[in-house]
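S.K.: Residues per chain, in single letters:
Number of protein chains: 2
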Amino acid sequence: MRIIIDAMGGDNAPLEIVRGALNAAKARPGLEITLVGREAEVRRAADQCGGLPQGVSIVNATEVIDMHDDPATAFKVKKDSSMTVGLNLLKAGEGDAFVSAGSTGALLSAGTLLVKRVRGIRRAAMAPLVPTAGKGVVLVDCGANAECTAEYLIQFAYLGSFYAAKALGMERPRVGLLNIGAEDSKGDSLRREAYQALTEAGEAGHLHFIGNIEAKEAVKGGCDVVVADGFSGNVMLKTIEGTASFLGSELKGMFKKSPFTMLAALLVKGGLAAFKERLNPDTIGGTPLLGLQKPVIKAHGSSGARAIENAVYQAAAAAKADLSGEIAAHMELMKTGR
Amino acid sequence: MRIIIDAMGGDNAPLEIVRGALNAAKARPGLEITLVGREAEVRRAADQCGGLPQGVSIVNATEVIDMHDDPATAFKVKKDSSMTVGLNLLKAGEGDAFVSAGSTGALLSAGTLLVKRVRGIRRAAMAPLVPTAGKGVVLVDCGANAECTAEYLIQFAYLGSFYAAKALGMERPRVGLLNIGAEDSKGDSLRREAYQALTEAGEAGHLHFIGNIEAKEAVKGGCDVVVADGFSGNVMLKTIEGTASFLGSELKGMFKKSPFTMLAALLVKGGLAAFKERLNPDTIGGTPLLGLQKPVIKAHGSSGARAIENAVYQAAAAAKADLSGEIAAHMELMKTGR
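Taken in sequence, the protein lines are chains A and B.
Residues in the first sequence are numbered consecutively from 1, following this note's numbering.
Residues in the second sequence are numbered consecutively from 1001, following this note's numbering.
There may be inaccurate statements among the hints.
[Stated by the list, open to error] Taking CB as the label site, the calculated pair distances span:
(1) A:S249 - B:G1051: 44 to 52 Å
(2) B:M1331 - A:K116: 50 to 58 Å
(3) A:N60 - B:G1205: 42 to 50 Å
(4) A:G120 - B:H1068: 17 to 25 Å
(5) B:L1113 - A:G120: 14 to 22 Å
(6) A:K256 - B:S1245: 22 to 30 Å
(7) B:A1040 - A:P259: 54 to 62 Å
(8) A:G248 - B:K1256: 35 to 43 Å
(9) A:E332 - B:M1331: 47 to 55 Å
(10) B:H1068 - A:K276: 40 to 48 Å
(11) A:A204 - B:H1330: 17 to 25 Å
(12) B:A1040 - A:K276: 51 to 59 Å
(13) B:E1250 - A:G301: 42 to 50 Å
(14) B:A1072 - A:K276: 41 to 49 Å
[To be verified] Partner residues are not named here, just some residues of chain A that face chain B (Cβ under 7 Å, in silico):
(15) F231
(16) N234
(17) L247
These are computed hints drawn from the structure, not numbers from a lab.
C-beta atoms are modelled at their ideal positions from N, C-alpha and C, and glycine is treated no differently.
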């Protein structure tokens, strides 16, 4: 498996990106890794990590897309950026998947326009695995598409289901439609239309559709894939992050109150670490852009080496799963004519 | 102040409802309370709580709206239900505010059609005070209106701001528009239109509009009023509930692991209780229906005596604040002509 990595994207580039990539290469010798970025800087970073191991190469790209660039056009304006060069390599078959911790908007535009969507797919969607009770839930879409049609939502349901089954190994993933109540009449007209079509798909055996699901139940592990428009999906994702952060700081305050509570903190140190770990986005790695012809993984902008290493494994799993083949094979089911 | 209470609504009616009402009457002798429901049952419940104190009376209503009734028509079909009778008393000026722990949908329909909206207000909105870092945030709308226009959102902003200032005593409440990014171009067309109008209202000094706010920042206390369509507002509210419940059970598991962790739990017992208390909806009481001519408060379906007592205080505060007068006085600002 050959993974292409944007070595210049993210807050900790290039050093942490390179370190994560090299760790992945060392841990899984079967992986071939291409680091894309300013060659001298990438090489210097690699030297700091003990040099380039076998199977890792560098492709030079002189520009870097940053937060000041217009996401919609950055990849065109900066043709020699690490993101553009990397995605072009992916498109040309010089790799099987691409990982970047750079600008989400730029990656979404560039991924869609360079790598292109699978024929028939209306919109690429972002689908993080969100930590919940149980194994976590694939949330699709979490913000790429603020405005959706019922057809988009139906496609998101299939994209999320294929990803959960093929790349994450979930068996017969339970697909729920994010809604403000469980009854079939709930929500707005968009939800009612999507509900109807997904119910039919479920009855025909194409999907394991379990109906509407409220955000509360989804967070408690009530389904494996939650289908949402990018607006409410983003609200759900960011609310989980905010609540975890708010509760975490309340807890911290609680443990700092007195010598007794500090002793308590010591006694549950291991448990607290495991607790934090469970909510740590670095463990998962990144968010796939579903619906493209080849896997593109967006790593957190704040990714450290560990997050990048995990994103590389995730990219390899996505490439192995051949999602685009799976999508193409089922394209007829995803055309609603609505 | 005269508060009318639906004694038959909610999972713990009538006993806990009556108990909460009587506790409020005893704690605040200035309050007059009317309990509406099946007289014999309400009287028996009152006897179990030590009898009716001064200032508390019972009005008989022979029917009860339950979960099997159609929310849209229940109040008409069951004309002698505690909810319908209570709201008619409110409308007739026999009380200053109404509290019910009964069906949300039925209360929304009945409140809108019997008590009626303030002239010019397009939709009543539900506006709970959501626990966040800081004082909490008024979330308007949290689910009454799944489909919204920009005009609704603009009105929600004023309704929430008046409520926060007049009934909750927040000074110059910071109003944020729930969105998927802070920049003014973010979100869907609904958000962009509302953003534009709210920015103008802010510049004119009518509102303290602080711009778009992401769910994460809202939960971390970044504003005092968060304006949302009822769909994404509900997703935010339910996600907070789900995340708090999920993290709470993870914590519980952590403290139960060994004798050491159980000792730790003992050492932070007070802190944990305060922590739970902070997230306890019973502390706040209920959710006001904003935009009606008189205050109507929806208490949680699972309300115990304490939640009802707090809802009564909240109803009294809302009545004292004369929100409908405030709204009517500013109605011209809320007409967008859009």
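S.K.: Each hint: holds or not?
M.R.: For each hint, the structure was consulted:
Our hint of 44 to 52 Å for S249 of chain A and G1051 of chain B holds, since their Cβ atoms are close to 47 Å apart. At about 52 Å, the CB distance of M1331 of chain B to K116 of chain A agrees with the hint of 50 to 58 Å. Between N60 of chain A and G1205 of chain B, the C-beta spacing of about 55 Å breaks the proposed range 42 to 50 Å. Range check, G120 of chain A to H1068 of chain B: Cβ separation about 44 Å, and the 17 to 25 Å hint is violated.
Against the hinted window of 14 to 22 Å, the Cβ-Cβ separation of L1113 of chain B and G120 of chain A comes to about 47 Å, which falls outside the hint. Checked against the given bound of 22 to 30 Å, the beta carbons of K256 of chain A and S1245 of chain B, roughly 25 Å apart, stay inside it. Checked against the given bound of 54 to 62 Å, the beta carbons of A1040 of chain B and P259 of chain A, roughly 57 Å apart, stay inside it. In this structure, G248 of chain A and K1256 of chain B break the distance hint of 35 to 43 Å, their C-beta atoms being roughly 20 Å apart.
At about 54 Å, the beta-carbon gap between E332 of chain A and M1331 of chain B stays in the expected band of 47 to 55 Å. The hinted range of 40 to 48 Å is satisfied by H1068 of chain B and K276 of chain A, whose Cβ atoms lie roughly 45 Å apart. At about 54 Å, the CB distance of A204 of chain A to H1330 of chain B disagrees with the hint of 17 to 25 Å. Taking 51 to 59 Å as the suggested C-beta distance range, the pair A1040 of chain B and K276 of chain A conforms, at roughly 56 Å.
Judged by the Cβ atoms, the range 42 to 50 Å given for E1250 of chain B and G301 of chain A is violated: they are separated by roughly 27 Å. Taken as a hint, the range 41 to 49 Å holds for the pair A1072 of chain B and K276 of chain A, whose Cβ atoms sit roughly 46 Å apart. For F231 of chain A, the interface hint holds, since its Cβ comes within 7 Å of a Cβ in chain B; the closest pair sits about 6 Å apart. Hint on N234 of chain A holds. Least Cβ distance to chain B is approximately 4 Å, under the 7 Å limit.
Nearest Cβ of chain B to the Cβ of L247 of chain A: about 6 Å, under the 7 Å cut. The hint holds.
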